[in-house]
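Student: What follows is each chain in one-letter form.
2 protein chains.
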Amino acid sequence: MLNFDFYAPTRILFGKDTEREVGALLKPRAKKVLIHYGGGSIKRSGLYDTVTASLKSAGVAFVELGGVMPNPRLSLAHEGIDLCKRENVDFILAVGGGSVIDSAKAIAMGVYYDGDVWDFYEKGGSLERAVPVATILTIPAAGSESSGDTVITNEEKALKYGYGSPHLRPVFSIMNPELFFSLPKEQLAYGVADMMSHVFERYFTQTTHTDLTDGLCEATLKTLMKNALLAKENMTDYNAWSELGFAGTVAHNGLLGMGREQDWACHDIEHELSAIYDVPHGGGLAVVTPGWMQHVYQENINMFVQFAVNVMGVEGSFRDPDAIVQEGILRLREFFIKMGLPTTLSELGIGEDRLEEMAQKATKAAFGKESPLGGFKKLYWQDVLAIYELVK
Amino acid sequence: MLNFDFYAPTRILFGKDTEREVGALLKPRAKKVLIHYGGGSIKRSGLYDTVTASLKSAGVAFVELGGVMPNPRLSLAHEGIDLCKRENVDFILAVGGGSVIDSAKAIAMGVYYDGDVWDFYEKGGSLERAVPVATILTIPAAGSESSGDTVITNEEKALKYGYGSPHLRPVFSIMNPELFFSLPKEQLAYGVADMMSHVFERYFTQTTHTDLTDGLCEATLKTLMKNALLAKENMTDYNAWSELGFAGTVAHNGLLGMGREQDWACHDIEHELSAIYDVPHGGGLAVVTPGWMQHVYQENINMFVQFAVNVMGVEGSFRDPDAIVQEGILRLREFFIKMGLPTTLSELGIGEDRLEEMAQKATKAAFGKESPLGGFKKLYWQDVLAIYELVK
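Just so you know, the sequences run in chain order A and B.
So the first sequence is residues 1 to 392, counted in this note's numbering.
So the second sequence is residues 1 to 392, counted in this note's numbering.
Read the hints as simulated data drawn from the structure, not as lab findings.
It is possible that part of the hints are untrue.
[Unchecked claim] Below, simulated SDA-like cross-link-like pairs (lysine to any residue); rule was C-alpha separation at most 25 Å, straight line:
1. B:Lys-27 to A:Ser-126
2. A:Lys-16 to B:Gly-259
3. B:Lys-226 to A:Phe-318
4. B:Lys-338 to B:Glu-315
5. A:Lys-16 to B:Phe-4
6. A:Lys-226 to B:Val-314
7. B:Lys-232 to A:Asn-3
8. A:Lys-222 to B:Asp-5
9. B:Lys-185 to A:His-209
10. A:Lys-222 to B:Lys-232
11. B:Lys-16 to A:Val-314
12. A:Lys-222 to B:Phe-318
13. B:Lys-226 to A:Phe-91
14. A:Lys-222 to B:Asn-3
15. B:Lys-338 to A:His-209
16. A:Lys-226 to B:Asn-239
17. A:Lys-31 to B:Asn-3
18. A:Lys-378 to A:Pro-321
19. B:Lys-16 to A:Gln-206
20. B:Lys-226 to A:Gln-206
21. A:Lys-226 to B:Tyr-161
22. B:Lys-222 to A:Ser-126
23. B:Lys-377 to B:Trp-264
24. B:Lys-222 to A:Lys-378
25. A:Lys-377 to B:Asn-239
26. B:Lys-43 to B:Glu-79
27. A:Lys-222 to B:Lys-185
28. A:Lys-222 to B:Met-312
29. A:Lys-222 to B:Gln-262
30. A:Lys-226 to B:Val-309
31. B:Lys-222 to A:Ile-301
32. B:Lys-226 to A:Met-312
33. A:Lys-222 to B:Asn-300
34. A:Lys-222 to B:Val-309
These numbers were taken from a predicted model, which means no experiment stands behind them.
Kindly produce the complete structure, drawing on both the sequences and the hints.
Tutor: This is the structure:
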């Protein structure tokens, strides 16, 4: 096990009617709140009214900014930053899924920063201060409700980059599984692929002596797969959504990766797809992940035997580990198909013409200074291209 | 799954040499620190010197109070409260195991409280404010390094009561598994019994639809048992101690019990043993727990079949669930014996003369207002007596 520093201070309020408590929770923390949201589904569902009524009854002032799209855009974050400065906003409430929360974090970073907030995404560097953020989650997927991470798309440059800081951990996140009932089935499927990927990125490692986190990862993956199928059958299954929502938060608050070298190549490889083709992140991950597994598993076949046996329930002769791994990858792909997810680039509408360009952008080879991806196996642009080719 | 409110903000710094960072961590947080510790083993091991050197080099002033005993006593907490008031202490650093940390929390509660700090333990009530606490853990066991709980023995009244508040969650906890190398084997065994019990108290439930936390509990229990045996064979096995330390924190930071009705009867039943006979908490738990299982399992036999199969690895005919459960309880008892733990009251030196008195105190029947124990099955004093009788 490696040394680690675990800090996940986000308070999670979970269950029925918890969104009604938001005003009381904000009252001691905020003078003026920015309510940040997406395309208006929270207005149709009545959630917007519930939230604003709760704020009003607690006497918390607010302004609002909607319009966040999937793969949230830098331009809207700029707009939010200007609004917060103009209105002296001192707290941001993101009401939505990962895109809304990531956009809220981008705004939170920019308010006290003199330059362009994109600097953090492009150049890294340390964030000194940010406006505090809280969330009301409407889509279990990105795990942004309990992480310090944000991913933003710079639409002018067609770049999608991430940034992380402890200052971006939400103060609290409210999760009422009933809010997920009205999601379309694709959103369920994309969310599950994303949550599973958050576990995979931490699970597949060369670090040894990781019994506890191995077991926690495996339990989280099995919970996600079982309950994804239940929710797909009945989109108002409270218990299934509860498991998915809770597991999605555990998948990405950091715990499952503590003491392990993590991977994250699949996320980087997928980000190129959604930066250029604007495909859903979860859809891209469902395509990329089995290809990545196929390309890397021989680097440490025992890790993948463990995955196949402990997560995918493969049985058989351990004297043929390749067969066990292949069956594990096959079952994962079959699970994705059962969920209605794409498993090839062509299903995403992505042709072969820009694969090399994306591979070179993913490793930054395109920018003259290649930085290989992944902790499990170092991937150069030729590896990334090989993975795209495997799933085209 | 039940509604829940999860908040575990303690930062965990884990790994080799992390104790050297304590001065830098305290510098921005404290003007004057109370270093609180036990019987002097931290002086013999050199840890005291490392900690004080780190504080001095960071320019952090401190006073100290040693002398915490297992089953920490109210009288020492009173002494610490007086010292903190006199010296204007604004931060408490507990260097030790659960007893030291629990004693530190008692002091932290008392400094800003006008009455006797025992009031919180005896009468409950809401804690408004406490001195912040951080820890350097030397014994993985109680989980107090990441919990908001404290248990104190009122030696005059022979009462051992607990209290919990979010204000008592340590700000940070430092965990270097090398600090555990010098522990005696009994301490390893007692610690493992305590950590397992923290999971059991959350695991055994009548709440349904708890897939995620079921799996997390089972992974934590299996990690604890496997690595306890490894550490017992080699008391300087860094990886085994790493798993135990990390699992002990996960076992008690609250996560594993979220959304489930919890039990906690075994802890209450054990507390009576250590309040009167001053036996080690982990030793008492190893005795009480299998007896409790035997007494309650028919209340929901499927929960115990799941335990036997998923945790203790029992196989066999599911058409005879009783046999599966009995084999599970037997294997748990055998594990305790392998660890050198007691499994009967007589091994703890406890005779039969005060069993009824302890049973009546446990449920407060002795004080005229019985309050049955446990979430899995309500236990009255006759039940507690029956459990004591089963393991006498």
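Student: Determine for every hint whether it applies to the structure shown.
Tutor: Evaluation of the provided hints:
Restraint check: the Cα-Cα separation between Lys-27 of chain B and Ser-126 of chain A comes to about 20 Å, which is no more than 25 Å; the hinted pair holds. In summary, the hint linking Lys-16 of chain A to Gly-259 of chain B is supported, as the alpha carbons are separated by about 12 Å, within the 25 Å threshold. For the proposed pair Lys-226 of chain B and Phe-318 of chain A, the alpha carbon gap of about 22 Å is at most 25 Å, so the pair holds. A threshold of 25 Å between alpha carbons decides the hint, and for Lys-338 of chain B with Glu-315 of chain B the separation of about 21 Å falls inside it, so the pair holds.
A hinted pair counts as satisfied when its Cα atoms are at most 25 Å apart, and Lys-16 of chain A with Phe-4 of chain B qualifies at roughly 10 Å. For the hint linking Lys-226 of chain A to Val-314 of chain B, the alpha-carbon distance of about 23 Å falls within 25 Å, and the restraint holds. A distance of roughly 23 Å separates the Cα atoms of Lys-232 of chain B and Asn-3 of chain A; the hinted pair therefore holds under the 25 Å criterion. Restraint check for Lys-222 of chain A and Asp-5 of chain B: satisfied, since their Cα atoms lie roughly 24 Å apart, inside the 25 Å limit.
In summary, the hint linking Lys-185 of chain B to His-209 of chain A is supported, as the alpha carbons are separated by about 22 Å, within the 25 Å threshold. Taking the CA atoms of Lys-222 of chain A and Lys-232 of chain B, the gap is near 32 Å; set against the 25 Å cutoff, the hint is violated. For the proposed pair Lys-16 of chain B and Val-314 of chain A, the alpha carbon gap of about 37 Å is over 25 Å, so the pair is violated. Only pairs whose Cα atoms come within 25 Å are accepted, and Lys-222 of chain A paired with Phe-318 of chain B is accepted, the gap being roughly 22 Å.
In summary, the hint linking Lys-226 of chain B to Phe-91 of chain A is not supported, as the alpha carbons are separated by about 46 Å, beyond the 25 Å threshold. Distance restraint check for Lys-222 of chain A and Asn-3 of chain B: the Cα-Cα separation of roughly 22 Å lies within the 25 Å cut-off, and the hinted pair is therefore satisfied. Only pairs whose Cα atoms come within 25 Å are accepted, and Lys-338 of chain B paired with His-209 of chain A is accepted, the gap being roughly 23 Å. With a C-alpha separation of about 32 Å, the suggested pairing of Lys-226 of chain A with Asn-239 of chain B is violated against the 25 Å cut-off.
Our distance criterion of 25 Å between C-alpha atoms is broken by Lys-31 of chain A and Asn-3 of chain B, whose separation comes to about 29 Å. Restraint check for Lys-378 of chain A and Pro-321 of chain A: the C-alpha separation of about 22 Å stays at or below 25 Å, so the hint holds. Among the hinted pairs, Lys-16 of chain B with Gln-206 of chain A is consistent with the structure: their alpha-carbon atoms are about 20 Å apart, no more than 25 Å. Between Lys-226 of chain B and Gln-206 of chain A the alpha-carbon distance is near 21 Å, which keeps this suggested pair within the 25 Å criterion.
Proposed proximity of Lys-226 of chain A and Tyr-161 of chain B is contradicted: the alpha carbons are some 41 Å apart, above 25 Å. For a cut-off of 25 Å, the pair hint linking Lys-222 of chain B to Ser-126 of chain A is broken: about 39 Å separates their Cα positions. Of the pairs offered as hints, the one joining Lys-377 of chain B and Trp-264 of chain B holds, with about 11 Å between alpha carbons and a cut-off of 25 Å not exceeded. In summary, the hint linking Lys-222 of chain B to Lys-378 of chain A is not supported, as the alpha carbons are separated by about 32 Å, beyond the 25 Å threshold.
Note on Lys-377 of chain A and Asn-239 of chain B: the hinted pairing holds, with a Cα-Cα distance of about 24 Å set against a maximum of 25 Å. The hinted pair formed by Lys-43 of chain B and Glu-79 of chain B meets the criterion: a straight-line CA distance of about 21 Å does not exceed 25 Å. For a cut-off of 25 Å, the pair hint linking Lys-222 of chain A to Lys-185 of chain B is broken: about 36 Å separates their Cα positions. For the proposed pair Lys-222 of chain A and Met-312 of chain B, the alpha carbon gap of about 19 Å is at most 25 Å, so the pair holds.
Distance check on the hinted pair: Lys-222 of chain A and Gln-262 of chain B sit about 23 Å apart at the alpha-carbon level, within 25 Å; holds. For the proposed pair Lys-226 of chain A and Val-309 of chain B, the alpha carbon gap of about 19 Å is at most 25 Å, so the pair holds. For the hint linking Lys-222 of chain B to Ile-301 of chain A, the alpha-carbon distance of about 24 Å falls within 25 Å, and the restraint holds. At roughly 23 Å between alpha-carbon atoms, Lys-226 of chain B and Met-312 of chain A fall within 25 Å of each other, so this suggested pair holds.
With a C-alpha separation of about 24 Å, the suggested pair Lys-222 of chain A and Asn-300 of chain B falls inside the 25 Å cut-off, and the hint holds. Taking the CA atoms of Lys-222 of chain A and Val-309 of chain B, the gap is about 17 Å. The hint holds against a cut of 25 Å.
Comparing the model with each earlier hint shows violations of hints 10, 11, 13, 16, 17, 21, 22, 24 and 27; every other hint is respected.
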